[in-house]
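S.K.: Turn these sequences into a full structure, and let the hints guide you.
These protein sequence lines map, in sequence, to chains A and B.
First residue of the first sequence: 1, per my numbering; consecutive thereafter.
First residue of the second sequence: 1001, per my numbering; consecutive thereafter.
For the record, the hints were derived by calculation from the structure and aren't laboratory data.
Mixed in with the good hints, there may be bad ones.
Listed below are the simulated DSS-like cross-link pairs for lysine-lysine, each with C-alpha atoms no more than 27 Å apart in a straight line [unchecked claim]:
1) B/1334 - B/1269
2) B/1218 - A/69
3) B/1229 - A/46
4) B/1205 - A/51
5) B/1211 - A/43
6) B/1211 - A/9
7) A/46 - A/9
8) B/1229 - A/43
9) A/51 - B/1229
10) B/1269 - A/69
11) A/44 - B/1229
12) B/1002 - B/1273
13) A/69 - B/1205
14) B/1273 - B/1334
15) B/1229 - A/196
16) B/1003 - B/1276
17) B/1269 - B/1221
18) A/51 - B/1218
19) A/46 - B/1211
20) B/1229 - A/69
21) B/1211 - B/1003
22) A/51 - B/1211
23) B/1218 - B/1003
24) A/44 - B/1211
The primary structure of each chain is shown beneath.
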Amino acid sequence: MKKEDRLEKNPMEEYLRMDRIPHIWCPGCGIGTVVTSFVEALKKNKEDLDKVAVVSGIGCTGRVAGYVKLDSFHTTHGRAVPFATGLKLAKPDMKVVVFSGDGDIFGIGGNHFIHAARRNMDIVIICVNNFNYAMTGGQVAATTPTTANASTAPYGNYEYPFSLPYLADAAGATYVARWTALHMRRVTKSIQEALKHRGLSLIEVITPCVTLYARRNRLGDGLNLLKYYYDKSVIEHGADTRTLDISYQGKLVCGKFIDKEKPTFLDAMNTHLSNVLGDDYVLYGRINNDND
Amino acid sequence: MKKTKADPKGVLTGAHYMDGDYALAEGALAGGCRFFAGYPITPSTETAERFSTRIPTVGGVFIQMEDELASIAALIGASWGGKKPMTVTSGPGFSLMMENLGLAAMMETPLVIANVQRGGPSTGLPTLTGQQDMMQAKYGSHGDYEIIALSPDSPQECFDLTIEALNLAETYRVPVLIMTDECVGHMHEKVIIPPAEEIEIVERKWYTGPKDEYLPYKNDKDLVPFMVKAGDGYRFHTTGLTHDERGYPVITAECQKVNVTHLIEKIRKNADKIIKIEEDQTDDAEIVVVSYGITSRVAVRAVQKARRAGIKTGTLRLITAWPFPEKRIRALSKKVKAIVVPEINYGQMVKEVERNSFDRCKIYSIPHLGGWVHDPEDIYKVIKEASK
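M.R.: Here it is, written out as structure tokens:
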């Protein structure tokens, strides 16, 4: 390889909208890391890129849809999951990935998440959790650990945060994993599995927000946060989801907690209506996934 | 614009006795809608019930969403997946849909929302009629944009105009609203559903050129960009942010001007092709009653009485409420003595009539705050007063 080629050919070029790079994310931000893992998963799975769509909401992670070279939709705040639901039902042969933040999916869009999980809608949800509303300047979120500072919790947060895997498990998600931005290869592997999984998958990735969360809590820079993940994360596959609460700078239990089979929305619809209506029912979409 | 005939599977050809809500569902199925996402709300629920009963034997999807925010979001997603989607709602649900109505307008996404109007504000009169969402239909979401809104006055027209709405949505890549009301929604009348081969369907303006040259927001001659759907290999991007022809965000005043002007002009410059009105006895009229939906049927009786009393009265019915038939109102205002506007609200569409008549004739608003229709006598009294 010539030197010029080495500089010009980014191995992710095929997967990214290079005409939109540089991206808007801050130095030390973890979102790019998760995008790299996502691209890696697409590569390793040899996914047909024409058949993968990304739907994002609003926020820092909401910008992911603008950078991936796939059918990509940058929608409204909180509504990425129902948008993805409509897209998936219209195009059952596609893999639909919701790529958004904790505020988007579990704050303003929380209701949509639990209902998509209840239906076992066949979509992949990658939730970048940076513990605050970053795009708007670091406000307190549904995921901010108790006592942590935020711009709208200047004296520390006195609310209780959601435990995303616990919520997902209770609502009916059939694949649930949590990692940090330090666990790149494991994030990649989880996304690979989720893309093959039939049903609703949630992958929570805890990432550094250096500019806002870390600065406001005097936690140092990106490296300090990765050091925190390194020191305090433990991998407990299959851990009881009731035990996964995150306290301020406390233990981060990571791993794959749920991976089970259950009919998806479309499978259940087709099976049930075929049973009830017999030959009168017109089968909808594909019942079997070609990647199985 | 490519036209085809309706798929016979969705067309229940024959003469039926059904209410407006059911007719909306039948119009949707006949018009090619195969995706319906909705949330129950009185007095529109029967449409969702009818659709959920019929769709399994036609081929398509019905999904009851968790709220109206989700319903319209699912519609936009389904539309980009190539479906012709529709939902139905009423006041409070319509309010919840407003944010994503703006997204649909911004992404230039074809979809249809029927609003079976009830009395408001807030929970208001869930089971009783109203026409109080007419301005919300036009201005409900933030920012500047244009939509199309139709106003059926009978179950038959609920059927006919739903097909029309689906066709307009595809023609102009725009959300189309069917602004009916509780009376029409719950009124049972004869509905004739024609054979499939007599129903004209507009196909989406699909792009067929080279993949690497596709621009999702590049204007065509008629100002409507070509569309592609997800999964066809175009790997396109679309966003609710102000965007350029590629669909990429460009946060500048210059791009905003081009983007938003386009959203407005593609409807305004095609307004003559879109607008449908129905006139009766306006040729010699000194007084014209402008109305829409159920109110236009109540007005007929008042006009008949006025004619019998020797007052030259005519009617103009808005089949298309938005874009508003400005030209016709301007022309009428030059030759009539007065325009009378009864509507089941505190006076909404009358503002458009006033705006387009330039004080050349008298304008009478006849407000009714909902719960019931006007007494024709009240309309007659105003006609009589106006004729003096």
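S.K.: Take the hints in turn and mark each one as holding or not.
M.R.: Now the hints, each set against the structure:
Between residue 1334 of chain B and residue 1269 of chain B, the direct Cα distance comes to roughly 24 Å. Compliance with the 27 Å bound is thereby established for this hinted pair. At roughly 19 Å between alpha-carbon atoms, residue 1218 of chain B and residue 69 of chain A fall within 27 Å of each other, so this suggested pair holds. Restraint check for residue 1229 of chain B and residue 46 of chain A: the C-alpha separation of about 22 Å stays at or below 27 Å, so the hint holds. For the hint pairing residue 1205 of chain B with residue 51 of chain A, the CA-to-CA distance comes to about 22 Å; that is within 27 Å, so the pair holds.
Note on residue 1211 of chain B and residue 43 of chain A: the hinted pairing holds, with a Cα-Cα distance of about 22 Å set against a maximum of 27 Å. Distance restraint check for residue 1211 of chain B and residue 9 of chain A: the Cα-Cα separation of roughly 22 Å lies within the 27 Å cut-off, and the hinted pair is therefore satisfied. With a CA separation close to 20 Å, the supplied pair residue 46 of chain A and residue 9 of chain A stays within the 27 Å bound. For the proposed pair residue 1229 of chain B and residue 43 of chain A, the alpha carbon gap of about 23 Å is at most 27 Å, so the pair holds.
The hinted pair formed by residue 51 of chain A and residue 1229 of chain B meets the criterion: a straight-line CA distance of about 11 Å does not exceed 27 Å. Between residue 1269 of chain B and residue 69 of chain A the CA atoms are separated by roughly 34 Å; this puts the pair beyond 27 Å, and the hint is violated. The hinted pair formed by residue 44 of chain A and residue 1229 of chain B meets the criterion: a straight-line CA distance of about 26 Å does not exceed 27 Å. With a C-alpha separation of about 16 Å, the suggested pairing of residue 1002 of chain B with residue 1273 of chain B holds against the 27 Å cut-off.
Taking the CA atoms of residue 69 of chain A and residue 1205 of chain B, the gap is about 23 Å. The hint holds against a cut of 27 Å. Distance check on the hinted pair: residue 1273 of chain B and residue 1334 of chain B sit about 23 Å apart at the alpha-carbon level, within 27 Å; holds. For the suggested pair residue 1229 of chain B and residue 196 of chain A, the alpha carbons sit about 23 Å apart, so the restraint of at most 27 Å is met. Annotation: proposed proximity of residue 1003 of chain B to residue 1276 of chain B holds, straight-line Cα distance about 20 Å (limit 27 Å).
The straight-line distance between the Cα atoms of residue 1269 of chain B and residue 1221 of chain B is roughly 12 Å, inside the 27 Å bound, and the hint therefore holds. Distance check on the hinted pair: residue 51 of chain A and residue 1218 of chain B sit about 24 Å apart at the alpha-carbon level, within 27 Å; holds. A distance of roughly 21 Å separates the Cα atoms of residue 46 of chain A and residue 1211 of chain B; the hinted pair therefore holds under the 27 Å criterion. The suggested pairing of residue 1229 of chain B with residue 69 of chain A holds, with an alpha-carbon distance near 15 Å, which does not exceed 27 Å.
About 24 Å separates the Cα atoms of residue 1211 of chain B and residue 1003 of chain B, which keeps this hinted pair within 27 Å; it holds. Between residue 51 of chain A and residue 1211 of chain B, the direct Cα distance comes to roughly 15 Å. Compliance with the 27 Å bound is thereby established for this hinted pair. The straight-line distance between the Cα atoms of residue 1218 of chain B and residue 1003 of chain B is roughly 22 Å, inside the 27 Å bound, and the hint therefore holds. A threshold of 27 Å between alpha carbons decides the hint, and for residue 44 of chain A with residue 1211 of chain B the separation of about 25 Å falls inside it, so the pair holds.
Of the hints listed earlier, the one the structure fails to meet is number 10.
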